[in-house]
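Okay, here's what each chain looks like letter by letter:
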Amino acid sequence: MQIDWLTVAAQIANFLVLVWLLNRFLYGPVTRAMQAREEGIEARLDEARQTREAAEAEADRLREKHREFDTRREDMLNEVRGEVEALREELEHDLQEKSKAHQHAWKQEVAAGRDDFVRELSQRAGQHIQQTTRAVLNEFTGADLGPQLADRFVEKLENLDDEALKRLRRLAETRSTEALIESSVPLHGPTRGNVTRALHNLISKEIEVTYREREDMVFGVRLTIAEQLVEWSAAVWLDRLDDAFIDTLEAMTGPAVEGEA
Amino acid sequence: MDISTDQWILFEIAGAGVNATIGFTWVVMALLVFGSWAITARLRHDETPSRWQIMLEVIVTTISDQIGAMGSDTPGRYLPFIGTLFLYIACANLLAVVPGYRPPTGSLSTTTALAVCVLIAVPVFGIAEQGLLLYLRRYIRPSVIMLPFNIIAEISRTLALAVRLYGNVMSGTVIVAIMIGVAPFFFPILLQLLGLLTGLIQAYIFAVLAMVYIASATRTRTSASANNEKEN
Numbered sequence: 069m070q071i072d073w074l075t076v077a078a079q080i081a082n083f084l085v086l087v088w089l090l091n092r093f094l095y096g097p098v099t100r101a102m103q104a105r106e107e108g109i110e111a112r113l114d115e116a117r118q119t120r121e122a123a124e125a126e127a128d129r130l131r132e133k134h135r136e137f138d139t140r141r142e143d144m145l146n147e148v149r150g151e152v153e154a155l156r157e158e159l160e161h162d163l164q165e166k167s168k169a170h171q172h173a174w175k176q177e178v179a180a181g182r183d184d185f186v187r188e189l190s191q192r193a194g195q196h197i198q199q200t201t202r203a204v205l206n207e208f209t210g211a212d213l214g215p216q217l218a219d220r221f222v223e224k225l226e227n228l229d230d231e232a233l234k235r236l237r238r239l240a241e242t243r244s245t246e247a248l249i250e251s252s253v254p255l256h257g258p259t260r261g262n263v264t265r266a267l268h269n270l271i272s273k274e275i276e277v278t279y280r281e282r283e284d285m286v287f288g289v290r291l292t293i294a295e296q297l298v299e300w301s302a303a304v305w306l307d308r309l310d311d312a313f314i315d316t317l318e319a320m321t322g323p324a325v326e327g328e329a
Numbered sequence: 553m554d555i556s557t558d559q560w561i562l563f564e565i566a567g568a569g570v571n572a573t574i575g576f577t578w579v580v581m582a583l584l585v586f587g588s589w590a591i592t593a594r595l596r597h598d599e600t601p602s603r604w605q606i607m608l609e610v611i612v613t614t615i616s617d618q619i620g621a622m623g624s625d626t627p628g629r630y631l632p633f634i635g636t637l638f639l640y641i642a643c644a645n646l647l648a649v650v651p652g653y654r655p656p657t658g659s660l661s662t663t664t665a666l667a668v669c670v671l672i673a674v675p676v677f678g679i680a681e682q683g684l685l686l687y688l689r690r691y692i693r694p695s696v697i698m699l700p701f702n703i704i705a706e707i708s709r710t711l712a713l714a715v716r717l718y719g720n721v722m723s724g725t726v727i728v729a730i731m732i733g734v735a736p737f738f739f740p741i742l743l744q745l746l747g748l749l750t751g752l753i754q755a756y757i758f759a760v761l762a763m764v765y766i767a768s769a770t771r772t773r774t775s776a777s778a779n780n781e782k783e784n
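Here the protein sequences come in this chain order: A and B. Going by this note's numbering, 243 is the number at position 175 of the first sequence; the sequence numbering is gapless. Going by this note's numbering, 736 is the number at position 184 of the second sequence; the sequence numbering is gapless.
Honestly, the hints are just simulated from the structure, not real lab data. Each residue gets a CB set at the ideal place from its N, CA and C atoms; glycine is no exception. Keep in mind that the hints are not guaranteed to be accurate.
Label pairs and their computed distance ranges (CB to CB) [to be verified]: (1) Ile704(B) - Leu84(A): 20 to 30 Å; (2) Trp88(A) - Ile704(B): 28 to 38 Å; (3) Leu84(A) - Ala712(B): 19 to 29 Å; (4) Gln70(A) - Ile611(B): 26 to 36 Å.
Could you build the full structure based on these sequences and the hints that come with them?
Spelled out as structure tokens, the structure:
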């Protein structure tokens, strides 16, 4: 018989003891160690997962903040662009206004210069015309223009309305007994006598008359009593000459100032 | 030629003779327990275990995975029994390369003892898992007529377990002894190396068959039906 039952029983006991011993010294400690390590790894994985979630949340927060910054920056840029556009329009408007003001001033200055020029031109032209007329009349007729000029002046005095004569008389009585006769051509003795006589007859016999020749005066005679003037001259003809000059200049250069035309 | 170690008395304790089967079994037990204790006494629970600890963890994990592969949901419950079966048989067989050593698994008494342990463990685990009545009902399925056949099957597979292991180990030992007489150097070494391989395989087969028997006993009808439906 190959089987020794006593040995069988002993081997069963040995095996059961071995199961208990290995469970005590091998399976239990190794299983616990592996479980502890697994729990440690799981804990670290959880920690890593939480850290990752926190990092992702932080990344999301930063991304959102970045988007907010972009939006704010875009808003600020739009606001600044609007302000710049408004400032540019304001500056353009100011520039246009200043330009218009300068243009207006320049045109006024040009117009004033033109008026001065026309006045100077007409004055000189009048003088030249007077000299030329006087020379031509002297050359061809040998006549003195003084008497004709005095006659025309006396005629004008005689044709003055009563109101003007009364005013002259009142001035001669109250303010001054001197009368100044200015003429563009010299008035000689008889001519002066005619004029003086006419003044005595028309205004006052007490008045003293002073005669003076003025080169700058356009062809004519001017009476001054106090501040009152009575004048006959060719100025009205020179005014027409001025108008003709102005019309000619405006036809060549356009109107002097906008709104004045 | 004496092919059984049961008759080989190594020493006596209090007048009782200790045969080689028991003596070498104690040696194997001492090796396993002392080795385990020496390694597990310095176990590290951090992530840098020692090489020996890694080796133990690989062994335990592999056995546990194999138990799980047999269909058990709780491998840890059967790990001490199945793992000890495998480690004991494997260690007893591998030590055969040591001169003067005779593997206790070459004794029919040892293999019978292990088979009896399996024979007892199967109903113990089955009753613990399913309850006494439910476990006993499996003997009369599909009908009462099957009761003697099921009992015979239990006994025959236990007998097969014992004889298979005994036959393989004993035959290897006998063949090596014969070959030493015929060709003293080359063939015995070759057969010893082959014996190491067959020793490991026999340990694996014994442990796997034991787990299969336990799994078939602990599997409930419901889970068995569900598994069958899955397979279909």
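Quick rundown of the hints versus the structure:
1. Ile704(B) - Leu84(A): 20 to 30 Å: Because 27 Å falls inside the window, the suggested range holds.
2. Trp88(A) - Ile704(B): 28 to 38 Å: holds, 32 Å
3. Leu84(A) - Ala712(B): 19 to 29 Å: About 22 Å separates the Cβ atoms of Leu84(A) and Ala712(B), which means 19 to 29 Å holds.
4. Gln70(A) - Ile611(B): 26 to 36 Å: holds, 32 Å
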